[in-house]
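So the protein lines, in turn, are chains A and B.
Everything in the first sequence is counted per numbering that gives the first Met the number 0, starting at 0 for the first residue and increasing by one.
Everything in the second sequence is counted per numbering that gives the first Met the number 0, starting at 0 for the first residue and increasing by one.
By construction, these hints were calculated from the structure, which means they are not laboratory data.
Note that the coordinates shown come from a computational prediction; the quantities given were computed from them, not determined experimentally.
One should not assume that every hint holds.
[Claimed, not checked] In silico DMTMM-like cross-links for lysine to aspartate or glutamate, where the CA-CA straight-line distance does not exceed 20 Å:
1) B:Lys133 x A:Asp9
2) B:Lys133 x A:Asp149
3) B:Lys133 x A:Asp112
[As the list claims (entries may be wrong)] Far from chain A, by Cβ distances over 10 Å, these chain B residues were calculated:
4) Leu9
5) Lys13
6) Pro15
7) Gly87
8) Ile95
9) Glu125
10) Leu131
11) Glu192
12) Thr195
13) Leu199
14) Leu214
15) Leu215
From the three backbone atoms N, C-alpha and C, an ideal C-beta is built for every residue, glycine too.
Residues per chain are reported as follows:
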Amino acid sequence: MIQIQNLTIDLPNFSVSDVSLHIRKGEFFAIMGPTGSGKTLVMESVAGIAPPYSGNILINGIDVTTAPPEDRRVSLVYQDHSLFPHLTVLQNVMYGQRYQNIPKHEGESIARDLLDTLSLSHAVDRKPMRLSGGEKQRVSIARALACKPDVLLLDEPLSSLDPQFKADFRSVLKDIHSRTGITIIMVTHDFVDALTLAERAAVIHKGKLCQQGNVHDIFHHPVTPFVADFVGISNVLPATYRNGQCMLFDGRLIVPAGEQSSNEKALVAIRPEHVAVREKNSFAPEWFSVSGTLSQLDKHGFAWRGTVRCGDQTVVATLDPNAVFSNTLKPSMNVFIGFPKEAMHYMCG
Amino acid sequence: MTAPTIERLLETVKDPEVIASVWLSMSTAATAGILALILGTPLAYLLARSQFPGKRLVESLIDLPIMIPHPVIGISILTVTSPNTLFGSFLESCGIEIMGSKTGIVCVLFFVGLPFYISAVKAGIESIPVRLEKVSRSLGANKAQTFLRVTFPLAWRHMLVGIIMCMARALSEFGAVIIVAYHPMIAPVLMYERFTAYGLSWSQPVAVILILVSLLFFIGMRAIPLPDKDSI
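Full structure from sequences and hints, please.
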């Protein structure tokens, strides 16, 4: 459906280098990355707004690399909604229909249906400044869908919403995708949004593609330390393979390495929530454990996280709140960390 | 110093030469304003939205008429449009006369007023988020349609201010016009002539009439109902 081949975009202070993506027809695809990684630029290049320095963009097999935005049938929804302030909600939604040869009466009917579906019937005659943030976001989605595009591009659609509206809006997006079957590319820096909505995703960092594939693969099998950190795996530990075994924590912990044994140097990633911290080494026999010192306790949302120093390395673990509240775990105490084999993910060094 | 008497003022109001000069001042200033709208808007858009080599040079050239003595502008225009130059001979072949003509006056007023128009409109366009235009393009509108349906409705207030500023500057022009076109006489030239030929009391009524007409005109322009800025 959409193929981005070796895309390079050069700006005075930033560049996107050699990014290749393949997005299937009808797919919900997420482009993830931290702020300033170039993900919006990649999305704008699909819309024809950021002209590439080199590379190709194909939509439905047609090379649109040099085609102007209006010839691509790709609608764009920005994070800041970008509603036309001088037009009413209905006028905003109907804005693009005349360029897609949709007759006015039919267009109005489509627009009103969309507004009704998105619970905006009460606001058809309002100007954007009289709308709430959530309403503005829904109007911008309705405006994009009203011209029946082949592709919908969403730039951080959930980042400006209050936490309580986020879950509702995720449902709205899911519903729109399942009902219309439209191809959606969503740019986000929040991996929870991608995990909830997208089927496949790509991670971009400093203008370069780090990984693309099934969202769950990215979350469970990141291929670089950056991707691991981005998807919440904050423990990336150096490891040495020798004779079919993997040595961690300067050889203090030796685990069977299986198929990874051919590499001499590698990295092992473990999610904080998969690491247990206990006062005594009371883990199940099949778990791997090592001793360390609990150096820090931090509140992480509603949970507690502990930083355990094991020799030269530190491991972050999600703690049992009861252990914190009862002072069973407190800073500077000697503890044991443990994790099952399934929690370990191997990466190239 | 003597103030103009009512009799002299009434007499001056009926003077066909005065009426013609005030009308010439207003009409040439209005034409310069319209020319600034037509030719200055694309330039202001380009300067507001694009980065290109030599942009600062172009901006400096546009602002030059604000900085240099105005007779220099008149001399420059006469030099560039002289029949000895390629451009001047082209104008001559088209039957366009600059020296001593209304065209020359409009040309001068356009150049002295353009920086004010460009400045107002450029600021207006810069205040419109470029993403609105990007969204419009993605919805199927081409560049011209985007300008007409998004940029213009949001920037017309600035264009109006730009026209008012351009006309205000054009109405007050004297130094460059006197070099390019002493005749036909615009009101400031007529005032100058009456002052030098007959003295202060003969130039004062023309000045009062020009002030009153200009004041009425600009009050009228400012009174055009504008939508509340917060509503857009």
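Here is how each hint holds up against the structure:
With a C-alpha separation of about 19 Å, the suggested pair Lys133 (chain B) and Asp9 (chain A) falls inside the 20 Å cut-off, and the hint holds. A hinted pair counts as satisfied when its Cα atoms are at most 20 Å apart, and Lys133 (chain B) with Asp149 (chain A) qualifies at roughly 17 Å. The straight-line distance between the Cα atoms of Lys133 (chain B) and Asp112 (chain A) is roughly 25 Å, outside the 20 Å bound, and the hint therefore fails. Separation of Leu9 (chain B) from chain A is adequate, the least Cβ-Cβ distance of about 48 Å exceeding the 10 Å criterion.
Residue-level check passed: Lys13 (chain B) sits 47 Å from the nearest beta carbon of chain A, beyond 10 Å. With a least CB separation of 47 Å from chain A, Pro15 (chain B) remains clear of the 10 Å interface cut-off, as annotated. The claim that Gly87 (chain B) lies off the interface holds: its Cβ sits roughly 40 Å from the closest Cβ of chain A, which is beyond the 10 Å cut-off. Listed as outside the interface, Ile95 (chain B) is consistent with that label: its C-beta sits roughly 38 Å from the nearest C-beta of chain A, beyond the 10 Å cut-off.
Listed as a non-interface residue, Glu125 (chain B) keeps its Cβ farther than 10 Å from every Cβ of chain A; the least gap is roughly 16 Å. The beta carbon of Leu131 (chain B) sits about 5 Å from the closest Cβ of chain A, which is not more than 10 Å, so the claim that it is off the interface is violated. With a closest Cβ-Cβ approach of about 49 Å to chain A, Glu192 (chain B) is found to remain outside the 10 Å limit, as its non-interface label requires. With a least CB separation of 52 Å from chain A, Thr195 (chain B) remains clear of the 10 Å interface cut-off, as annotated.
Every C-beta of chain A lies more than 10 Å from that of Leu199 (chain B), the closest at about 51 Å, which supports listing it as non-interface. In this structure Leu214 (chain B) is separated from chain A by more than 10 Å, as the shortest Cβ-Cβ distance comes to about 32 Å. Every beta carbon of chain A lies more than 10 Å from that of Leu215 (chain B), the smallest distance being close to 31 Å; the non-interface claim holds.
Hint check: violations occur at hints 3 and 10; the rest are consistent with the structure.
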